[in-house]
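Listed in order, the protein sequences are those of chains S and H. Each residue of the first sequence is one higher than the one before, starting from 1 at the first, in our numbering. Each residue of the second sequence is one higher than the one before, starting from 1001 at the first, in our numbering.
Just so you know, these hints were derived from the structure itself, not from any lab. Note that this is a predicted model, so its numbers are computed, not measured. Note that CB positions come from ideal geometry on N, CA and C, so glycine has one too. Some clues are possibly wrong.
Claimed, not checked - Using 30 Å as the maximum straight-line C-alpha spacing, the simulated DSS-like pairs for lysine-lysine come out as follows:
#	chain 1	residue 1	chain 2	residue 2
1	S	67	S	211
2	S	211	S	173
3	S	173	S	153
4	S	178	S	67
5	S	173	H	1426
6	S	153	H	1426
Unchecked claim - Calculated from the model, a selection of chain H residues having no Cβ within reach of chain S, i.e. all distances over 12 Å:
#	residue
7	1012
8	1059
9	1098
10	1100
11	1121
12	1138
13	1149
14	1251
15	1285
16	1314
17	1338
18	1346
19	1374
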Amino acid sequence: MPDPVGFYTDTTVCIGCKACQVACHQWNDLPAGKGQRTPLPVLSGDSYDNTGSLSDVNWRHVKFIEKFSPDPNRSQAAWLMMSDVCKHCVNAPCLEVCPTGAILRTEFDTVYINQPACNGCRDCVTACPFGVIHMSEQTGIAQKCTFCYDRLKDNLVPACAQACPTNSIQFGKISDLKQRARTRVAQLNNENPNGAGPGGHRAYLYGADEKILGGLNAFYLLVDEPEVYGLPSNPKVPSRVMPASSFWSIFTALMTALGVLFAFRSRTKQKPAAPPTPGGPAPEAIKEVRP
Amino acid sequence: MNPFVSDPEWGWWIVLYFYLGGIAAGAYFLGTLIELFGRSEDRPVARIGYRIAFPLVCVCGILLIVDLERPERFWHMLLQSEVVDRALREGWPLGGWATMLHAPMFKWWSPMSIGAWSLFVFGLFSFISFLRSVWPEGRIERWLGRGAVGRVLEVLGSAVGFFVASYTGVLLTATNQPLWSVTDWTGPLFLTSAASTGIAAVLLLRTASVSAESEERLERADLWVLGLELFVFLVFLASLGAVLPLAMQTWQGWVLIFGTLIVGLLLPLWLHLRVGTPDHRRVTAAALAALVGGFALRFGVVRTSPALLAVWQRHWEHTGAAPAPTPLWQTWQGLGLLATTAVLAVLIPWALRRHWRLSGAQMSLAGLVSLLVAVGVTAYSFSPDPGRILNPLSAVRFSPEEGRLRGGGPGASQQNRPSEIHLRSKLVGNLPHER
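My request is simple: use the sequences and hints to build the entire structure.
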């Protein structure tokens, strides 16, 4: 079995050129635009970001995070750029919940959707904490980055990493990537004692260790809070909640059954329809409920 | 709350499935409990439950299939498509049986996988019960309705009914969506709602064969179930924590909270307080209110979650920051919930005592349940992360994916693996530009 591979994305050297997006589209024959309803590329009009988000036809998406200070003149401005993609989680929520077994772990430790098996139930969409998976408008099948599985099989670098002109997206064995990333974090924080990011935030790695879903095989170097980049701080594996949910459900089922049993084991005594007695029930009502 | 997820676009088909599936399951387990523990004169009530359950299960199956983006692949929920393909290549049904025997698809850690199987099994049980109810003296009744076989089928059917009633809630919890994933109480809430709407459907369709005494017992059961649902609903709202004030910024959230509370719980409870005085219109009105409220609950839970994504987005655009995760008691919504809980925790036992003169033991039980609910709501309201307190099984790991290490094998994707992944690729045919 090959070593686990992944992407290390250094957001501090991303220049927002979108070469990764273009390479991904080109290699995977993905249509331009946002899908069937809007087949042509659409400019959003409020940003250099014209694809908006990951989608069924955008498996890579360069985020343009435009940060301005709150003063009226917006005197401080910073652009954070980040090439977003499926994180190929080590404990993958989508893969865990998929009821058809269409989402697979490959021999490279990446997460892959087996198209002929998917029936479009969208449970993976509910589970993915990063909003990565989308349904194809044309085929009705869940879509996301394949980590260029075909290229990996042929010892080629994934298209996006191959195209990245600044080495923001780096591909390799996870152990090598982590080493490189830690060196870069140390360099950034040493060179910028007041913080490498806007507001004095220090550089750090998101998803390199096991804290987030056992690790992310596509991990990031960030210089601001994860939420600023549209990443959750503490995503969870969906099955985590099942023991507690099941426990309370069984408890409630027993309480429900007991109540129904009491009701149907009790003696009842019908009384004729009459207006309720002021100040209390009729004396015969005393006998009504006796389990 | 994680606002960075995509909307799965679970809409009307799923809302209707949750609703009708709940009614079917509730009506069915009511029937089995009556057959197991009730009197013979209550049998007609059980039969009505069975006659409701099976047709609704059929409708549920259709709803689920229609909701799929690829409806023709619905069977992939139950059978491994790759294994079936292999068996077909081996000539099944003339050969390939050994392969086909390995085809069933079951992931016990995936609520949707278990749910698909439980609905299938529930369909079989409810079909048998349906036949028994239509021909009470027929062969099916003689073979499967009496003796030890009948008892075993009723016990199993009851368990499957309870499962179908609650798994839909656990299915929503086992996601990363806002609202759905923050509380452990959706499963119990859907279960009690299934019971109340199931009983309401039986009450609504009661026939002349149901005696006045049976009807009264049915009303009492409904009253208990509605009271339990009310308490579970209050705990559910408190367990939402900081999501509750956000939910109240959406109209779907108002349908969830006030549609369920007022129409689905307080109104039928009030109407049922006069149980024992035969009044056809009162019972029918209570049943209708419970059914409308049950729909409001399913609709509200399913649709408030995507609406919250828009609320969060608006907040972020206006302030550049996420909404602060304030403990519930520091918000007016939380204070309102605490006050409502306090009032209801006193009012309900008091109303029971005043109208029905319960025994001392029953009053003690009602009081104890009220106290527990008040304590639960208070604990949730004062916790900064309420979703994960009152978690009795927090240490249990449930799936092979959780705790899996890097390079640690297939994890939760052991089933339906193709012998070789065939990816449409430029490496096949034309050589890519790199070469």
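Verification of the hints:
1. Restraint check for residue 67 of chain S and residue 211 of chain S: the C-alpha separation of about 28 Å stays at or below 30 Å, so the hint holds.
2. With a CA separation close to 19 Å, the supplied pair residue 211 of chain S and residue 173 of chain S stays within the 30 Å bound.
3. About 15 Å separates the Cα atoms of residue 173 of chain S and residue 153 of chain S, which keeps this hinted pair within 30 Å; it holds.
4. At most 30 Å may separate the alpha-carbon atoms for a hinted pair to count; residue 178 of chain S and residue 67 of chain S meet this at roughly 28 Å.
5. A distance of roughly 24 Å separates the Cα atoms of residue 173 of chain S and residue 1426 of chain H; the hinted pair therefore holds under the 30 Å criterion.
6. Taking the CA atoms of residue 153 of chain S and residue 1426 of chain H, the gap is near 13 Å; set against the 30 Å cutoff, the hint holds.
7. Here residue 1012 of chain H stays apart from chain S, with its beta-carbon at least about 14 Å from theirs, past the 12 Å limit.
8. Separation of residue 1059 of chain H from chain S is adequate, the least Cβ-Cβ distance of about 18 Å exceeding the 12 Å criterion.
9. A cut-off of 12 Å between C-beta atoms confirms that residue 1098 of chain H is not in contact with chain S; the least separation is 20 Å.
10. Its beta-carbon lying about 16 Å from the closest one in chain S, residue 1100 of chain H satisfies the requirement of being farther than 12 Å from that chain.
11. Listed as outside the interface, residue 1121 of chain H is consistent with that label: its C-beta sits roughly 15 Å from the nearest C-beta of chain S, beyond the 12 Å cut-off.
12. At roughly 25 Å, the least C-beta separation between residue 1138 of chain H and chain S is larger than 12 Å, which holds for a residue marked as non-interface.
13. The claim that residue 1149 of chain H lies off the interface holds: its Cβ sits roughly 22 Å from the closest Cβ of chain S, which is beyond the 12 Å cut-off.
14. The beta carbon of residue 1251 of chain H sits about 22 Å from the closest Cβ of chain S, which is more than 12 Å, so the claim that it is off the interface holds.
15. Remark: the non-interface label on residue 1285 of chain H is consistent with the geometry, its nearest Cβ contact in chain S lying 15 Å away (cut-off 12 Å).
16. The beta carbon of residue 1314 of chain H sits about 15 Å from the closest Cβ of chain S, which is more than 12 Å, so the claim that it is off the interface holds.
17. Even its closest Cβ contact with chain S, about 21 Å, leaves residue 1338 of chain H beyond 12 Å, as expected for a residue assigned away from the interface.
18. Its beta-carbon lying about 18 Å from the closest one in chain S, residue 1346 of chain H satisfies the requirement of being farther than 12 Å from that chain.
19. At roughly 17 Å from the closest C-beta of chain S, the C-beta of residue 1374 of chain H stays outside 12 Å, upholding its exclusion from the interface.
This entry satisfies every hint, going by the numbered hints stated previously.
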